[in-house]
Amino acid sequence: MKKSQTGIWIGEKDLNHDPEFIKQAQQGEGRASLVDAIGKDNALAEKEGGRRDFLKFLGFGLGAATMAASCDIPVKRAMPYVIKPDDIVPGVATYYASSYVKGGDYCSILVKTREGRPIKIEGNALSKVTHGGTSARAQASVLELYDVNRFKRPAIKDADGNLAEDNSWAAVDGAVKSALSSARGIRVVTNTILSPTAKKALAEFTAKYPSAKVVTYDPVSSAAMLDANQQSFGDRVIPSYRFDKAEVIVSFNADFLGSWISPIEYAHDYAKTRKITSVANAKMSRHVQVESHMSMTGSNADNRIMVKPSEQSAAVAYLYNEVVGGNISGGKINAKAQAAIRTVAKQLTAARGKSLVVCGNNNLGEQLLVNAINSHLGNIGTTVNFSNASLQRQGSDQAVETMINDIKRGNVDVVIFNDANPVYDYRGGARLAEALSKVKTKVAMSFGPSETSALCNIVAPVHHPLESWGDAEPKRGHLSLIQPTIKPLFPTRQAEMSLLTWSSSPNVNLNAEQPYYDYLKSAWQTTAFAGQSTFATFRGFWDQALHDGVITAGNGASIASGISNGIGNAASLLAKPSSSEMEITFYETVNLGNGQFANNPWLMEMPDPVMRTVWGNHLAIPVNFDGYETFVGLNDLKDGDLVELTVNGNTMTVPVVQQFGQMDGTVALALGYGRENSGFAASGTGVDVNGSLGENGGYTDYNVSSVSISGKVGEDDAHASVQYHHTMGVRDIDSVTGEEFNADEAALAPGYGSVPFVKNIRGFQGSLVERSVIFKSNLSVLADSVDEMKHKREEFEHLNEQTLYPFEEYQADKYKEGHHWGMHVDLNACTGCGACTVACMAENNVPVVGKKQVNRHQEMTWLRIDRYFYGDAENPNTVYQPMMCQHCDNAPCENVCPVNATNHSSEGLNQMTYNRCVGTRYCANNCPYKVRRFNWLDYTTADIFPANQPTVNGEEIPYGADDLTRMVLNPDVTVRTRGVIEKCSFCVQRIQEGKLTAKKERRALRDADVKSACMTACPTGAITFGDQNNKKGELYKANQSPLNYIVLEEINVRSSVQYTMKVNNRDESLDA
Amino acid sequence: MSAPVSPIRTPLIEGHKSYHDITEDLVSPTEKIPGGTWVIAFLISVTVLLFGITCILYTIWTGIGTWNLNRTIGWGWDITNFVWWIGIGHAGTLISAILLLFRQKWRTGVNRAAEAMTIFAVMCAGLFPLIHMGRLWMAMFIFPYPNTRGPLWPNFNSPLLWDVFAISTYFTVSLLFWYTGLVPDFATVRDRAKGFRRKIYNFLSFGWTGSAKHWQRWEALSLVLAGIATPLVLSVHTIVSFDFATSVIPGWHTTIFPPYFVAGAIFSGFAMVQTLMIMTRKVLNLQEYITIEHIESMNKVIVATGMIVGVAYLTELFISWYSGYIYEQFAFFNRALGPYYWSYFGMMLCNVISPLLFFKKSLRRNIKFTFFMSIFINIGMWFERFVIIATTLARDYLPSSWSFYVPTWVEIGIYIGTMGLFFTLYLLFVRVAPVVAIAEVKSILKTSGDQYVGPNALPHDDHDDHGHDADHETHEHVHEVGSHGGTDSGDGTMLRSSAMAAPAVAADAVTKTEGVEKSQEDKSSQIVSGTAEDDLKKVEGIGPKIESLIKDAGIKTWTALADSSPETIKEILTAAGSRYQTHDPTTWPDQARMAAEGKWDELEKWQDELDGGKLS
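Line by line, the protein sequences are chains A and B.
Using my numbering, the first residue of the first sequence is number 1, and each one after it goes up by one.
Using my numbering, the first residue of the second sequence is number 1, and each one after it goes up by one.
Isolated chain B, as found in the complex (with noise of 0.2 Å):
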């Protein structure tokens, strides 16, 4: 489409929303007795978990001889898996978090997956540091408590010791951070719940009753954990880079690491992000709330930290070669060349090539294909730490001591098992939470909604809109008064006893039809292929519906819309039905003409003194 004026951006939930339609949208997955899909997405996750569980138990029992690591490579699948979970681990916060402060208001779609996904990625990860020892019984060294054996502490010099404060932190921080978001929500589950549910969630909610002053301090402490957690999202990555940045071992001991490392962790996080969040909106039929904006959105970030990722990974090889440093040389000439380049240049078409698709938009908006690359991008972001970790430790030094280095079943059982375990909570959360938080994304739906003239945007005459708008306006005046979510009086239910619920509900009803049968994605592409035909909805009064009877007609450029007469489009609305009636299409022919000339200044002037398309 070459609209050349977009000052405001496209709605950040689709489907003309109401409240009650939010709260009923994403409620409903807790409620319902899950689908097919669902329980074998359960069934493998949990078979997958129980032989992870199998091959841990395997390892505590009988040793890390188990795994092939050896003399020369201490670590190998154990930390790779450890920093990538870790990595994955970070756009959770940093979309909660980071974005909050920014004021990303498009992050209220995805912020709670994604925090659910921080918290099981970081449990995920934390794992691999207790198994990976000789002896997990000892664990409790690392700790600095009160013991009997002296002065005897941790010692504070190690990166390993940073680690498991930054990450026990970084985890808790998290976890509050979540749960804080869910709260309103919980309420708004036991609200619309019964019995045993009911008592479960009024537990889990607090006792919350959407009083002024629990919107008021729960939006406090959401900043002041935004506040807490947006150092943490820099920290815990940079700590992580550490482990390796303060060692001695070429390829390891490098300034570059820490920044690299966070960019790598956010590149990798939002990739995963995607993939969850494309599974879940399919699954859980929630494709208004993460719009295909939501999907570019993250695509864009994960292109900057993936440039970000490859300008690293060039400037390593620039300051090996640069340092004149024959073991730093070597190191970066044998990622790469070495037995283990297949890592190296799988972490490079993966990281950094591939990511560059997403310059182009139509790959930005396809949604198959951002599925595709976020996995790609994960596998890369492995393969990244792979490299770092193992392909370094493998030649080092002195060359009599180099090795090789393949994983026994042992250890692809764990890392496959810790895939189980992320996905078994991430299925048991969306049964028992909002996948969306749906007191934020009620809090984005007008404002970025109505006041939305762009494209996507519904005519004001669109008879839908009657009811919507009305609703939003009762509803701002509750938002007001700070209910926006939570309790009944705040999803709009009990409004439906007012004046406008008549038409609330029809309005409803189209909403949803027109969300189902006329998929985001349809829209989209039309809107960006737009080769023949024109976007009519340029023109005041005529919405999607109205466009697609007038296109069926025959009408599809503004040119040809601009040379029918009021009175045949009239016909072909009468045509539809009684309930486009109401459309008055006098104006249209002209505002058309004025589109198909490229007058679009003059356009808008007069579109903001008509009403809804009418002349008034």
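Extracted from the complex, chain A is given alone in its bound form (with noise of 0.2 Å):
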């Protein structure tokens, strides 16, 4: 035997090779190996079960179970393109241009793409209308069409009243067609309908049915006024408004700024009269607001003249008086607001052609004398311009209320939504759900479920904007496609094609690939590029179209230079001031509309620009200073105390909020809250108030004087505020020394009441003022306040240098080298509509909490926007102030992490690492701005147990744990875990993908590289974004103005966002 090649011996006799011990060891029963054993045949059976069997057994054993389990695995699909797409590369965003449009609503936008999947809207710069901007609405669409509560498929409801579950497109098609064949009357019930091709669809369909009749109206109605621009100028549109032009605005109840008819373009304007680019020959426009209520705008306004709901038409009337001359009788309005408004009759005369009145009230007379107005001054032309008409809203009132009718009388056989929800947001919507009961078939062209939707028997869903091709054209001449960015999700189908379907039309071929296409692509070739010469094929015009967005295609029809037709019966139609002692506004928000908006989490958590309350809304009710140290609300209600509000009979329980500027004996309470059966952000959020609407002369009037209100019923236990202090130095008169002083400030201590030693006690002037945050100044002290906060800041500086560690030895020069990004902030041009708080949402993966969370101040907005009253106590004015991390070059933050976790970048960012941090809250604490936020709860559902994870809104799984709401994320930005801080980073992946871009095609970064998430969706300009050293730059310009200041310079912390100081304009001869 040889000798062990392997050195492996067992004993002594092995090391040895005893004969007997090899030839025992060789014929040994255990030493076969496993493969022999096996491969023999019976070698196992004829074998008795050893330890060694019992381990082959066990491994077979446990491979055969590990092969069996591993079957079930579910299989993760990251399966690579088989054949690449040319447009898509993994990790780089496509942009595609399109248009966000829902209802009358509308902006060109630019659909950020990632791996096909739509994640982030940007404005479209090129577009003429929006000018790149874009609204918190727009923003939001995208996470619309990942939500989990929209129709997934075509459904036709059972005897029992169900939706079935399996119906086709086929099944419902056959039934909606057999309706339609058979029926007396049709209606299709539409908001207003920007595109042209849907209404070449409309048209073929009513053309195929006769008796179908289509049916137009607008959530927030604006019919009073296209009805009197039908009456003063022959044409039945909107004109386009040109704020940039006018040198004085008077506004009654127009929410132009947040809601009213295309905002994003009014802001747009209105801000460049607004910006102040030099002290010297410092311009401005002033704008007046006449209402009640603190709306957007009117928070926006030089002077705000306070008058009640029921004394707008007087107001007008009486504006029209000074105005024109005429000797209308409005009745009487209060003594103030007949002075201011004498004198604005005055500015706005001096004003002429470079003046503008609008009016957002939905009263036919009001509308005619404004028109009046208007064109007594010369503002028909250049201030309001009937070329380039708005098209954005065409509803009717009257047109529903004419449905109600016939549906009524039995006349209408089927009713077909086109997306609209007239159940829940026409005034009449239960006098509408009562009538449907009478119709046969009732087809909900439906994106989500909705009132209107569950009162109908089929449902015959639609795609997503995003999904779907299509056109736009929100003013005469400015046309704009629609392009899908992904494929749709679900079995839906755009309603222009069902439309064309079911009106079986010639002009559409429903078996090619993509038939609405070609249907779009022919109907352009038609119109559109039959219209312009630029273009000599059809070919190119689209190319150019489809990637641009939008085409200019000449001014469109009208011009209208004066009233045809007089005010005619004006007077008569006005409402007449009521003595009612309470009297309400109800107005849309900028985040909601009038419910359309309800379902999207994005816009529930967006506080309301002016109240800053979410999830709900909120009676606004008048807070008076007692003239000594404390403001008390109507009946001594506080924030979130719940009221009973009894609205023409109907009563609702409603929590309340202290609302400065709200003018006494009025409340104010939003519309769009309260819906039924509509998703879990929308359904049960706040009070429907649609049904407690006002009519007048058939319009919807959303002003009612017949309100009561009780004193305290309970306590909103889940009152969701994200401010609770809101002014900044609110003046009033002392009541002791009966000099002017500041309320705000007196009030900070409590005011025990009773207690008799604390019960003199008030806050100390200064404390709010004297703070380093808001500077502001008026138009005609400009100069000085500049002066003044020169010499401050001198003082800062001076304080700074004092330190024991020079800034200037050892950090000074530290960020000269290379970028240095920094911010610059213009309070002028903020108006607080709140599109760059949702933009930042969608870019950072930002969660929603829910209201409980808000509640409790647990909110995780990286970008908020404190909003500050000062100046006059009972009349206000406003500041938004955009606050997020000002990325101190001497971060108190930073030198506190125990773990390092947020530290300084060598390019001046405040970078925060996730995996680092164990969460101590120490750099939250120890943030002047508190803009540092923790993740309190399992936000992201990346926990493993699900357990623990919080719900928003009493749905059913957390809000962001399934798959389908998970696609909106950005995959460039972690999602954060529970437990650690999150802050805004200056959209630090959009600075390194600009910073790539630029290195690989070897240049120096250009400013236009990279812009902030809330930079672009800004639509007044706002906010520059950008390279402190880079001197040819847009912020390098900003920065050098006069105005500009550092919050809380003097605590040395060094940051890199500036801010201009807010100025207004206002009058103060208005408020005599």
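These are computed hints drawn from the structure, not numbers from a lab.
Note that the coordinates shown come from a computational prediction; the quantities given were computed from them, not determined experimentally.
Careful: at least some of the hints might be erroneous.
[Unchecked claim] Per the computed footprint, the stretches of chain B lying under chain A, defined by three or more beta-carbons under 8 Å from a beta-carbon of chain A, are: (1) 130-141; (2) 154-168; (3) 237-249; (4) 338-350; (5) 571-577.
Beta carbons are placed, not taken as given, at the ideal position from N, Cα and C, and that holds for glycine.
Reconstruct the complex from the two isolated chains, following the hints.
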């Protein structure tokens, strides 16, 4: 036996090669290999079950079990493209020009897609309407695409009223067609349609079914205005308002910066007249808002003239009398308003042709008078233009009423709702709902469930605009395309296709791959292409239009220069001032409209710009200073108290908010809340007020006089407001000294009423206004204010130099080389619309936390807009201050983190390393700006165990836990886990992308390479982001303004964000 | 009492203890089956602790969102409790280390329990910085250890990191100090124990034999640890205060914080010691070891530190006004008159105003009042931390972010849970270790007891004292060879076999009855009140017992005694029993006259000549 090659031996005998041992070993039973043993027939059977066999079977068993178990592992689909589409590079975003259209809402957009899924909306700078701006609604529309509650398949209701699960489009089409063919009357109910091609499809439908009538209405009606324009100018359109050309703007209840007609466009123009470029030649428009509640636009106004809702008509009439010189008796308005309007009339007249009067009230008489005023002032053709007139409102209130009556008479068999929800958002929704029971076939071409679709027996779900082809004509001569950026997620079909299918149109090939695309193209070939002369071939024209998203094609039709029909019977149409003690205004909010946007958690969690509340509508009640130490709300109510509000006989329980600038004897409540069966975010949030709206001459009246409010009946246990303190120095008269002083500063001590030894203690003067948070001025004293601020800043800088560790020596030059990122915020341009806040949520995967969490001040927004009232306590001015991480170069948060989770980049960025963060929240405490946010709970559902995930609004699974909603996440931004701090990163992913682009193209970084999400979202250009070291950049230019200041400069944190002084153009003579 | 001469302190241990008594009294709680009070207290503590653990687990499982902290107020009850407990943990080491260095012998009665309190308080405190983290499972990131994440170490600029080191060092040193003191006492317990208990205590006492070398090393180690611990007492709370002082938040960014925090810590620590000691001495019958003198001494520390804290509060107010800095001014305005005004006034009342009552001696020596005050002060100190942390954060620079904060039940539960933890540990401690340091107490028995000739001194002619005296003398010898505790030979038990055994036992008996029958409180109140009655014990030869006999017979003042004949007094003594027969009252009336006439110098001189009040 040769010596063991391996050197392994068993015992002494083996080592000595004892022959007997070797023999025994060779014969040894246990030594046969497993392979040998299995290979031999019966080898296993012959053996007795020994230790090795046990191991063999165990091993096999384990292997088999593993194999079997592994078959059930869910397949994670992360497949590469077999054939890669040309326009998709993994990791690189692709942008498509498209349009955001919902009802009359319009915004030209670029859709950012990653790996074929839309994740972000950007403004399209090529648009001559929206100029690259966006609104919160447009920003949030991408989340709507991934709405878990949207209709996912066509359905027909069975006999029990349940929607069947398995209906095919063929079945639905069959049912609808048969219903249509035998129908005596057909109604198509729609909100304003901006799309010429959709109108063409609708025309084909009505041609096929002559009994069909189209009923157009708007969720928030402008019908009176349209009718007035019809009467005055012979054109039922909204004129194109030029706020940039107006020196004096008077707005009667029109929230043109927030929600009225075309706010992105108006805000863009308006801001042009508000930005101050030079101190010496400072010029601003004067904006006077006539209203009772503090609207977002009113909060931006220089002067607010407070009139009760029922005095609006009288106020318009009074202005008419003053300007035009007529003698219309509209009734009495309060003396203060009267005096103010007289002054305003003079200013308007002085600014002939450069003034603008707009009116948001749905009252035909008022609108006729406003037309007459504008006409008299020579504004038609300058600030009020009928070339490029707006088509964004086309609805008619009477049309709906007529339809309801038709249905009641039994003349209607089929009603098709084109993604409209009149049961909820029309004032007579309840009557409509009742009437609908008489209609045999009700078809909801609806995106998601709504109050209306719940009453329908056929659901023909529609695409999201981001899945659709389409076009829009928001203003005459401005055409805009909608192109799909993702394949439809569900077997839905866009409304136009449904109509064309049901009308068996010969112009559409249903078997084509994209039938509506072909239809749209051919429509454009005959209209838009035919109307232009730049392109010779349709192909070239089409490609360019699709690339740009917008085309401009002339001015559109009529140009009216004056009133053709006079004011007619305007006087008799005016509303009469009421003697009611309490009146209410119902208003449209920036975020929810009249409920169309309610099922969008981003919009629900976006604070109302003025009230700063989320997740629900709150009754704005007036608040007054008691002359000594306390602000007292109506009926002694405090924020979050519940009251019973009775309007037109409807009683509802609503929480209240003490609202500065709310006129005494009036309250206000937002539309759009309190929806039912409309998805988890919308359902049951807030109260529905549409049933309480008034009516005047067939028009929905949003001002109601018969109101009563109870005392406190309870408390909202989750009163969700993101700001507790609202003022920054509002002035009132001290009842003791009779002198004017800062009322809110006096009110800072709680004033314990009956507690004797603290009874007479008040806050000290200067405790708010001395803070270097907001610098404000009036245009008339601007130079002095700038000078004063300059001295203050010099003092701050002097203070900051008094240090043991001179900044200059160790840090001043640190960021001189390379990039030094910074930001500039123009407070005069910021209107508070909140588009940036939603853009930030979308860009940075900021979680939605829900009402309860906001109530506990645990909201997660990286970018918030602080809103402060200042000036007259009764009728204050407002300043909006977007507040995000200031990226301090001497950041207090950085040195306190025990684990180095937050640190400074060489480019001046304050960075957050989520993986490193252990969540001590020390940095958040030490942040003077309080911009750091902590993941209190598992908002992003990243934990292994789902048991601890919070739900947002009573939905079945936590918000964002499903794959559908997660599709909206930006893959470039980490989703944060529970227990870590996060905050604004200056969109570091965009910076990185821009730097890489420049590097790839072997050139220096340009200003345009990097733009933060908030900057691109802003409709007014209030935010400028860039490299402070780039002397050619926009930021460098903006940073040179003498109006600039740094918030809390004296604490020497060296913030990288500069703000401009807030300047108003308030005319004190109007307050007298 | 209006005694013009009191050059020497009152005895630190009362009740004429022998060394054996001390052993007996202090070890017995570890040997007996716990009483009903203890069992009930323990059950309550454990229940509360379990509730606290539940709350902690819920927090870790669900997230810090179970607390009501928010984007503005990042720290609330959690860090308030942390600082509060750390503050409480200051008294123990101060008593054992600093007072050791200052040779304050009264500390021996309370240092053991105070140190235990320190350790348990630091454990409670240490819990909060851990569970307040959003990601507790990543807590190791705060330790500097070699890791694979590159050269990524903690941020040494962060005060929170300094805390980690400060607290862990403090805890380690305190624990060592405490345990070092326990070693000889564990040996004593071991020597009396049998079976398995003996083995455990043998292990715990590291095989202590009580040899001279052991004692010498033990003393040396104690001194070294005291030296190390002393700066720690000052440093720990200084560093905790840096958490706030180094920030930019108005109301936090204050240079006064370090001394103010340390003073506050000692203040609250002593208050907690009072709370515990007053309960412990009552429950374990240790009134003679933890005497009214201890309580008074600690009350003096409390009043002193309370005034430091008060001055600090006022300084802060002044500086904020004087600074002319709007944010600072507002921060203090807000503390006093903002929405959390009640916590500020609670703090002022509990910490500044009420401790001033301790300037009155009768209140300082009033146990019930002291107990009440100790609780009151700890509430006040909790308010102080709450004012500093939550109130300050609630309203800082930007008014838009101002917020308000009310804790959830989880936060309250965790706080109460730490109380449960603390008392559970403390209750276990009193059952397994002598609550008073036996060895150290024995060392002061004679030096500050027998040489004492003040009003509380026992007359040498007193029958009881003979035995006691003899015992001491014998013991003094033992002490010299360095074995005053720990072994059998050290605690006097074995001495009983000597000729002195019988009187010693008798003395024990008397001392015990006396101790039980006539509590120290009564005596002291008598001394203090001193209205119609004089302290007849000033007369050499009259002890407390005889004094009461004489007073019962109607002789209540020195004058009355001076007017009595020695025979009358003798009769009184004879009537009281044979044990008083040996007393010779011959000189008593004359002594009493001197006292009545205020001739104290003369009396003292004469008493030096007398032997136990007898003419020698």
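We went through each hint and held it up to the structure:
Counting residues of the stretch 130-141 of chain B whose beta carbon lies closer than 8 Å to any beta carbon of chain A gives 8, which meets the minimum of three for the stated coverage. Using a Cβ-Cβ cut-off of 8 Å, 8 residues of the stretch 154-168 of chain B lie near chain A, which meets the minimum of three, so the contact claim holds. Counting residues of the stretch 237-249 of chain B whose beta carbon lies closer than 8 Å to any beta carbon of chain A gives 5, which reaches the threshold of three, so the coverage claim holds. With 3 residues bearing a CB less than 8 Å from a CB of chain A, the stretch 338-350 of chain B meets the requirement of three and the coverage assertion stands.
Counting residues of the stretch 571-577 of chain B whose beta-carbon sits less than 8 Å from any beta-carbon of chain A gives 0, not enough to reach three: the coverage restraint is violated.
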